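K.L.:
Residue numbers (the working numbering), protein chains in the order written: chain A, 948 to 1341; chain X, 948 to 1341.
Some hints could be false.
If several chains are the same, the list does not tell them apart, and a pair holds so long as it fits within one copy or across any two.
To be verified - Derived lysine-lysine pairs resembling DSS-like cross-links, with alpha carbons at most 25 Å apart:
#, residue 1, residue 2
1, LYS963, LYS1112
2, LYS1206, LYS1329
3, LYS1250, LYS1172
4, LYS963, LYS1206
5, LYS1069, LYS1282
6, LYS1106, LYS1000
7, LYS1131, LYS990
8, LYS1329, LYS1027
9, LYS1306, LYS1027
10, LYS1117, LYS1329
11, LYS1300, LYS963
12, LYS1282, LYS1024
13, LYS1000, LYS1060
14, LYS1300, LYS1329
15, LYS1069, LYS1306
16, LYS1306, LYS963
17, LYS1131, LYS1069
18, LYS1069, LYS1300
19, LYS1306, LYS1329
20, LYS1027, LYS963
21, LYS1172, LYS1131
22, LYS1172, LYS1027
23, LYS1027, LYS1117
24, LYS978, LYS1206
25, LYS1300, LYS1179
In short, the hints are calculated from the structure, not lab data.
From a predicted model like this one, the values you see are computed outputs, not experimental measurements.
There are 2 protein chains.
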Amino acid sequence: MNNFTFNVGTDIRFGKDRLGELAPVLTDFGKTILLVYGGGSIKKNGLYDRVLKELSDFHIIELAGVEPNPRIETVAKGAKLCAENKVDAILAVGGGSTIDCAKAVAAVYGSPKEEPWAVIEKRNYDGPALPIVTILTLAATGSEMNRGAVITNWQTNQKLGMGGKNLLPKVSFLDPQNTYSVGKYQTAAGSADIMSHLFENYFNNTPATDVQDGISEGLMRTVTKNCPIALKTPTDYDARANLMWASTLALNGLTGNGKGGAWSCHAMEHELSAFYDITHGIGLAILTPRWMHHVLNEENAPKFAQYGRNVWGITETVPMMAARMAIQKTYDYFKACGIPMTLPEVGIEDDSKFEEMAKQAVAYSAIATDAFVPLQVEDVVKIYQASMTEQSYL
Amino acid sequence: MNNFTFNVGTDIRFGKDRLGELAPVLTDFGKTILLVYGGGSIKKNGLYDRVLKELSDFHIIELAGVEPNPRIETVAKGAKLCAENKVDAILAVGGGSTIDCAKAVAAVYGSPKEEPWAVIEKRNYDGPALPIVTILTLAATGSEMNRGAVITNWQTNQKLGMGGKNLLPKVSFLDPQNTYSVGKYQTAAGSADIMSHLFENYFNNTPATDVQDGISEGLMRTVTKNCPIALKTPTDYDARANLMWASTLALNGLTGNGKGGAWSCHAMEHELSAFYDITHGIGLAILTPRWMHHVLNEENAPKFAQYGRNVWGITETVPMMAARMAIQKTYDYFKACGIPMTLPEVGIEDDSKFEEMAKQAVAYSAIATDAFVPLQVEDVVKIYQASMTEQSYL
């Protein structure tokens, strides 16, 4: 296990009907609030009205319409609103994109002498930041309890991760009921995102990380059990609760701290989304079993077998066979969640850009050197190619 | 899953050789430090000298000789030292007892108008408290990342738990190397304490707590794998690292938040320690399999079978049989760790006080109403009785 620092002091208010705590929480920071939200689903499901009712004696400024991949222009607009209105705190109501946008707004507002994109390009932000409070509406990214954000600049065709300790949300409200109205496709995509965060940390070469791996396996079992329940019965509180808390813990440091390495599927999916604008979690689900199969070898088969045993209950004792069974289980699980499991099904019909995408995936990440199994351009192309057709691993 | 709040902002500095960060951490709070430690093991293993060297330009006041069950007189002495010297922060170097003592000192010093024991008797402390920094030397109680403390008053024969949000350590240094010199008996006892914290939260009637249970199972696998390694090779860094991080996460809220209920074995062990002064973790190891077997029934057998499957890899499909196998595994594991697994082996030769102890265990806890399986006086007597002789559960 490597040395690490774990310092994640977000005050999590988990559970049903706790919005009565929102006004007291925000009052600690001040009375002028930037309310950040996305495409309006919170207006449809009534959350917007409930929030405004709780905050009737606050001065609310709105930053609406945050995109699924939040754009630097929206961030800049939010920072301008903060400056014009002397905002005291930011309240993000939404999923990871909305929360990411709120973090970037806090950083850009904290850097009045710099261009907005220049702040993002620094990647590590340690300057001042407005306090951020979140009300989560989607179980997926974990942004509600970590320091990171991903912001897109379509002018430069860049999508960059950035973060910093002052961007950690101060308080996050996690009410599983707020995810009841999330549709099947987004529920499945969000769950695939959670699984991918767990996989990326789990398949890793740092030795002796039993704590992190054991927690990951428990969270994987949680997701694979509860996602199908939530898909069948969107208002199943317990399923939504387990998915929501799993999403938060999957990416707050617990499963990744103490490990080195580089994430493979996220680097490859990044290019799929950038070139074809597909849903991030869906791209991850498609790539993951192909990546697993591509990197599987005699040396790492025991780790895949451990995954099979502790997540899927596979009792096969020959590691390579157990590993293949585990990969098949992964594939079948995503398919059973209704995820289109080939690229043509999400509109990617030809392979002409795979070489270019693979080059970028390798260039903009450390997968060629630091990944679980290092991936060169030709590896990435093969994984994209295998994603074009149905696969079987047994 | 019940509603819960998770707000555990201790800054964990995990890993090898990070004492260089100690002076900068303490400087944030001030230059006058109360150094709290126990019976002198830190002088033998060199940690005391290393800490003082790092803090050469601080004003250090010492509270030495904290007892394994820290006493209110020691707490009062520490609070007096804080007042006399205008202490800025408390540095606890030791295991759970030392850290618990530091928390109580912080609370008593924060309550100058009250008698020291009156502060503890309130149980919930929400007043001011000196900042606490810890250097952990024993993997067991989790006190390094939670708000609780247990303090003993031998004048009134009381041992009370107390806690509060301001008593959460600000920073905790977790260097696994600092546990190399912990002997076999204390290593096994500490690991049994960790397992018991996990069991107490795991065997619980709140439905749909997959996240908490999955994390618990992962931490249980971590302990049962790594404790035997640490017993065989006390300087195995990876084994010590996994035990240390597991101990912290077992009792910081992750495995218990969102659940109701009452802890059974701790309530029963409390009386064993109070009447016979045996080591807490050893008492827990002796009681646990007897308690499991006593409460096992058709209704809860599937939970024990789940424990067997996910912690011990038991593939038996008949729940009651799998449950008995899991209980046997638990018993055998503790025995293999060198723990004396009957009460006579720890000097409790006669059963004359069991009735009185059982009455107190029931009177001073909620086990008769809120436990996984409610326990009356006669149940507790039976569990104590079963602890007098070797057991077999198959």
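K.L.:
Compare the structure with each hint and give your call.
P.N.:
Results for each hint:
no. : hint                : in the structure
1   : LYS963 <-> LYS1112  : between (29 Å within a copy, 23 Å between copies)
2   : LYS1206 <-> LYS1329 : neither (27 Å within a copy, 47 Å between copies)
3   : LYS1250 <-> LYS1172 : both (21 Å within a copy, 16 Å between copies)
4   : LYS963 <-> LYS1206  : between (35 Å within a copy, 14 Å between copies)
5   : LYS1069 <-> LYS1282 : neither (39 Å within a copy, 55 Å between copies)
6   : LYS1106 <-> LYS1000 : neither (36 Å within a copy, 47 Å between copies)
7   : LYS1131 <-> LYS990  : within (19 Å within a copy, 61 Å between copies)
8   : LYS1329 <-> LYS1027 : neither (45 Å within a copy, 70 Å between copies)
9   : LYS1306 <-> LYS1027 : neither (37 Å within a copy, 67 Å between copies)
10  : LYS1117 <-> LYS1329 : neither (43 Å within a copy, 49 Å between copies)
11  : LYS1300 <-> LYS963  : neither (47 Å within a copy, 46 Å between copies)
12  : LYS1282 <-> LYS1024 : neither (40 Å within a copy, 65 Å between copies)
13  : LYS1000 <-> LYS1060 : neither (36 Å within a copy, 43 Å between copies)
14  : LYS1300 <-> LYS1329 : within (13 Å within a copy, 72 Å between copies)
15  : LYS1069 <-> LYS1306 : within (23 Å within a copy, 64 Å between copies)
16  : LYS1306 <-> LYS963  : neither (47 Å within a copy, 38 Å between copies)
17  : LYS1131 <-> LYS1069 : neither (37 Å within a copy, 49 Å between copies)
18  : LYS1069 <-> LYS1300 : neither (29 Å within a copy, 68 Å between copies)
19  : LYS1306 <-> LYS1329 : within (12 Å within a copy, 69 Å between copies)
20  : LYS1027 <-> LYS963  : neither (34 Å within a copy, 45 Å between copies)
21  : LYS1172 <-> LYS1131 : within (15 Å within a copy, 40 Å between copies)
22  : LYS1172 <-> LYS1027 : neither (44 Å within a copy, 55 Å between copies)
23  : LYS1027 <-> LYS1117 : within (22 Å within a copy, 35 Å between copies)
24  : LYS978 <-> LYS1206  : neither (41 Å within a copy, 35 Å between copies)
25  : LYS1300 <-> LYS1179 : neither (37 Å within a copy, 56 Å between copies)
Consistency with the previously given hints fails for numbers 2, 5, 6, 8, 9, 10, 11, 12, 13, 16, 17, 18, 20, 22, 24 and 25, ordered from lowest to highest.
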